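Chains A and B are the protein sequences, given in the same order. Take 1 as the starting number for the first sequence in our numbering and just add one per residue. Take 1 as the starting number for the second sequence in our numbering and just add one per residue.
Keep in mind that the hints were calculated from the coordinates and are not lab data. For clarity, every value in this text was computed on a predicted model and none was experimentally measured. Any given hint could turn out to be false.
Stated by the list, open to error - Derived CB-CB ranges, DEER-like:
1) Q349/A with D300/B: 23 to 33 angstroms
2) P385/B with D123/A: 53 to 63 angstroms
3) H328/B with N161/A: 51 to 61 angstroms
4) P13/B with D359/A: 41 to 51 angstroms
5) K286/A with H328/B: 38 to 48 angstroms
6) P49/A with G292/B: 50 to 60 angstroms
What the hints assert, rightly or not - Below, a sample of chain B positions facing chain A; criterion: calculated Cβ distance under 7 angstroms:
7) A302
8) L318
9) A394
C-beta atoms are modelled at their ideal positions from N, C-alpha and C, and glycine is treated no differently.
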Amino acid sequence: MSVASQIAFTDMPWAFDDVQTDWRASVRAFAENELRSGATDRSLAAETPDAIFDGLGKLGVFGLRVSQENGGAGAGLTDLCIALEELARVDSSAAATAHTQGVVCALLEAMGSDEQKAAVLPDAVSGKTVLCFAITEPSGGSDAGDIHTRAVRDGDDWVLNGAKQFITNPGTPRSKYALLFANTGDGSEDRRQVSGFLVPLDAPGVTVAPKYDKLGWRASDTHPVFLDDVRLPASALLGTEHRGLRDAMAFLVWSRLPIAAVSTGLAQACLEETLDFVADRRSFGKGLAEHQAVAFDIAGLAADVAAARVLTYDGCYKFDHGIPYLQEAAVAKYMASEIANRVAYRATQLHGGYGFMDDSAVTRHYRDARILTIGEGTSEIQQLVIARSVGLDV
Amino acid sequence: MSAAARTADAGSPVAINPPWLFTAEHLEWREKVRDFVDRELAPTVAERTVERHFADELIPRIGAEGFFGVRISEEYGGLGKDLTSQCIMLEEFARVDGSVCNIIEAGSVVGTLVEAMASDEQRRGYLPRLARGESIAAFGLTEPHGGSDAGNMWTRARRDGDDWLIDGAKDQISTLSSAVSEHVIVFAATGEGKAPERPAITAFMVPLDAPGITLGERYAKIGWVASDVRRIDFDGVRVPDSAVLGEPGRGYADALNLVTWARLAIASMATGVIQGCLDATLATVRERESFGRPVGEHQDAAFKVSRIIAKLAVARGLTYDGCYRFDHGHDYGRQASVAKLIAARLANEVAFDAVELAGATGLLETSAVARLYGDARVLTIGEGPEAVQKMLIARSLGLR
Numbered sequence: 001m002s003v004a005s006q007i008a009f010t011d012m013p014w015a016f017d018d019v020q021t022d023w024r025a026s027v028r029a030f031a032e033n034e035l036r037s038g039a040t041d042r043s044l045a046a047e048t049p050d051a052i053f054d055g056l057g058k059l060g061v062f063g064l065r066v067s068q069e070n071g072g073a074g075a076g077l078t079d080l081c082i083a084l085e086e087l088a089r090v091d092s093s094a095a096a097t098a099h100t101q102g103v104v105c106a107l108l109e110a111m112g113s114d115e116q117k118a119a120v121l122p123d124a125v126s127g128k129t130v131l132c133f134a135i136t137e138p139s140g141g142s143d144a145g146d147i148h149t150r151a152v153r154d155g156d157d158w159v160l161n162g163a164k165q166f167i168t169n170p171g172t173p174r175s176k177y178a179l180l181f182a183n184t185g186d187g188s189e190d191r192r193q194v195s196g197f198l199v200p201l202d203a204p205g206v207t208v209a210p211k212y213d214k215l216g217w218r219a220s221d222t223h224p225v226f227l228d229d230v231r232l233p234a235s236a237l238l239g240t241e242h243r244g245l246r247d248a249m250a251f252l253v254w255s256r257l258p259i260a261a262v263s264t265g266l267a268q269a270c271l272e273e274t275l276d277f278v279a280d281r282r283s284f285g286k287g288l289a290e291h292q293a294v295a296f297d298i299a300g301l302a303a304d305v306a307a308a309r310v311l312t313y314d315g316c317y318k319f320d321h322g323i324p325y326l327q328e329a330a331v332a333k334y335m336a337s338e339i340a341n342r343v344a345y346r347a348t349q350l351h352g353g354y355g356f357m358d359d360s361a362v363t364r365h366y367r368d369a370r371i372l373t374i375g376e377g378t379s380e381i382q383q384l385v386i387a388r389s390v391g392l393d394v
Numbered sequence: 001m002s003a004a005a006r007t008a009d010a011g012s013p014v015a016i017n018p019p020w021l022f023t024a025e026h027l028e029w030r031e032k033v034r035d036f037v038d039r040e041l042a043p044t045v046a047e048r049t050v051e052r053h054f055a056d057e058l059i060p061r062i063g064a065e066g067f068f069g070v071r072i073s074e075e076y077g078g079l080g081k082d083l084t085s086q087c088i089m090l091e092e093f094a095r096v097d098g099s100v101c102n103i104i105e106a107g108s109v110v111g112t113l114v115e116a117m118a119s120d121e122q123r124r125g126y127l128p129r130l131a132r133g134e135s136i137a138a139f140g141l142t143e144p145h146g147g148s149d150a151g152n153m154w155t156r157a158r159r160d161g162d163d164w165l166i167d168g169a170k171d172q173i174s175t176l177s178s179a180v181s182e183h184v185i186v187f188a189a190t191g192e193g194k195a196p197e198r199p200a201i202t203a204f205m206v207p208l209d210a211p212g213i214t215l216g217e218r219y220a221k222i223g224w225v226a227s228d229v230r231r232i233d234f235d236g237v238r239v240p241d242s243a244v245l246g247e248p249g250r251g252y253a254d255a256l257n258l259v260t261w262a263r264l265a266i267a268s269m270a271t272g273v274i275q276g277c278l279d280a281t282l283a284t285v286r287e288r289e290s291f292g293r294p295v296g297e298h299q300d301a302a303f304k305v306s307r308i309i310a311k312l313a314v315a316r317g318l319t320y321d322g323c324y325r326f327d328h329g330h331d332y333g334r335q336a337s338v339a340k341l342i343a344a345r346l347a348n349e350v351a352f353d354a355v356e357l358a359g360a361t362g363l364l365e366t367s368a369v370a371r372l373y374g375d376a377r378v379l380t381i382g383e384g385p386e387a388v389q390k391m392l393i394a395r396s397l398g399l400r
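Looking at chain A on its own, in the form it has when it is part of the complex (with noise of 0.2 angstroms):
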């Protein structure tokens, strides 16, 4: 057993139950048994394996957030974050595999109609299907509801025109839907108007183009999505004509709090790769640990992870107790995820020469904590939305 792994960072007493302590050893001991000696390979050569979505769906993942009635497990936020975080720890690909497809379960139960989600529910929530949620177009991503993908009526039918970057799953061999918005307004509206769609991805006209190359996030799927007079039927329409993407957004504030959870976790996994690094490395004649910078800077890296923690469990608190909560996601998603890239950069720093190379694991968690102060609103999103939460214009 490993020296870090021996010690308990985990535990927060006030945030978890015995259930949820129980639930957080289940997804450890999967991540450790399924994931861990695989990881940076996979990473390396940016490979999805197929069977980690059944592994991940028979863990019970994808549907944490979709309600019994359809297949899921009807859990908590604080479940899927301690999922998340645990994963990360890991296998950062595989976090963002399933927070993909765990979050987009939800807002497909959430705007589907029966039809749609007794259609597409219950294999999603098992992994035999794969969703991608596509919003972000090449044009930008942060000023989310500028899109320029349109969506135009033709008879019954819509008749879809345009191009998605940087979506998350479309490209595996199960992938076959996109939560996919698209502007159904004729630009007179003093109010976007944007729509969801269900969209088939083997529809004629979608083109999932070759996966991106990636600094990290590496085994994760990650495409362009072309539509070129893509023909849907009117059943294809996604929760309320024109309020799609408003909809979409407001019940989404939550899936800040999961990347909040991934970057605790990542950060989790830099603070045990470097105790364990040290416990092992000697220089001038002793540990290098006994060296007091070093262990001051491991100290550091101690403190830092806890304050990740502690937002993102207090975010996930409000949202599981309904209790107000948007100024808390935006704040431990913007923290957790730029802690995530400083604790990443000192351990990676305390590896010396093994912190450069490809096949240690802390490289791969620099690598992977880039994408952290990026994805689901950047950092600068995020100041925006909590200048906004006091009241400042901006």
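Since chain A is already given, all that's left is putting chain B on it; use the hints.
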């Protein structure tokens, strides 16, 4: 989409009460302390700051509220509250008046220390008056040669018949000369041994009017400018055996135990400083204008405010996570150091930005942010500087 309703809290203030910890009693307590601070301290704090006026006249009112005895048992005249309540109180005081907070922090910590260490007879003798602020006992641990290595005690006490004779000096001691300061708790070596082996250390309750005691001049300081901090010298100070607090030779162990949770008290004061900075800053950026609009509508200023809010959440979350662990009987040592390390550092970062956003008015000693900027500085130092917190965290991770 019922869940969407959960998001409708735009324009909300910053949450100050962690719902996973605070009971209705805690919420009422915060209201009570906040009302007191806003009514009794806020109107006069700027004047006291400029004049370096020690608030002797406020101590009876603070005492009457029971604040000194927040954690002293009701049996001995205290309020019998938990650490969470003490930290709520200190957060509220520090938000407005760090100098008075210095009095109440030292005073309320000492009350708990005396109750923990003293015999029942001593408790009955000292605690009721300490709890009501009718008497103040200063906490004499730090010495002129250094503070962090508190076990390296140069002050000595030796037996002389049935009495003890104390020789040495203590430095940076708070509240030695208020109108009601009657005692100083002196930690003195009473056995042989030097670092790294520690001598036996004993705590004594020493009357401040004992012959052989000399008080230094009150220090002029960068922060807590209106509090009373000075040096005290002991030259053959004779005290009876009944002045020993607790077991002879166990004083250091007891005191170490004490300073562990007192780190959370400092973290709560850092949280209060950040809250005070945020309150002042929000008012400033809404009221002041530049380039045709309120300062707060410039993105740079707004994002600075956002970062203050984020840092406040970190400081408060870590502080009360530590309190939760302490009050519910969990291990909390590492969390106390983490909270103290991070919250105190963040208080200084925030105070810097708050002054920046206030512009030149933030340089005036009458302004809240200038006062908080000064008050923040001690927080990374008192109750163990950053290096000591990192040392303790590193040890808790198995490093040495």
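_Residue hint L318/B, partner chain A, criterion CB-CB below 7 angstroms_ = Holds: closest Cβ of chain A sits about 6 angstroms from L318/B, inside 7 angstroms.
*Is the distance from the Cβ of H328/B to the Cβ of N161/A consistent with 51 to 61 angstroms?*
59 angstroms, holds
_Just to be sure I understand the hint, the distance between the Cβ atoms of P49/A and G292/B should be within 50 to 60 angstroms; is that true here?_
This hint holds: roughly 57 angstroms between Cβ atoms.
*Cβ-Cβ distance between P385/B and D123/A: within 53 to 63 angstroms?*
58 angstroms, holds
*Does 41 to 51 angstroms hold as the CB distance between P13/B and D359/A, or does it fail?*
The hint (41 to 51 angstroms, Cβ to Cβ) holds, given that P13/B and D359/A are roughly 49 angstroms apart.
*Status of the A394/B interface restraint (C-beta, 7 angstroms, chain A)*: 4 angstroms, holds
_Q349/A paired with D300/B, Cβ distance criterion 23 to 33 angstroms_ = Since Q349/A and D300/B have Cβ atoms about 30 angstroms apart, the given range 23 to 33 angstroms holds.
*Okay, K286/A versus H328/B on CB: inside 38 to 48 angstroms?*
39 angstroms, holds
*Was the hint right that A302/B lines chain A, CB cutoff 7 angstroms?*
Check passed: Cβ of A302/B comes within 4 angstroms of chain A, closer than 7 angstroms.
Of the numbered hints stated above, none is contradicted by the structure.
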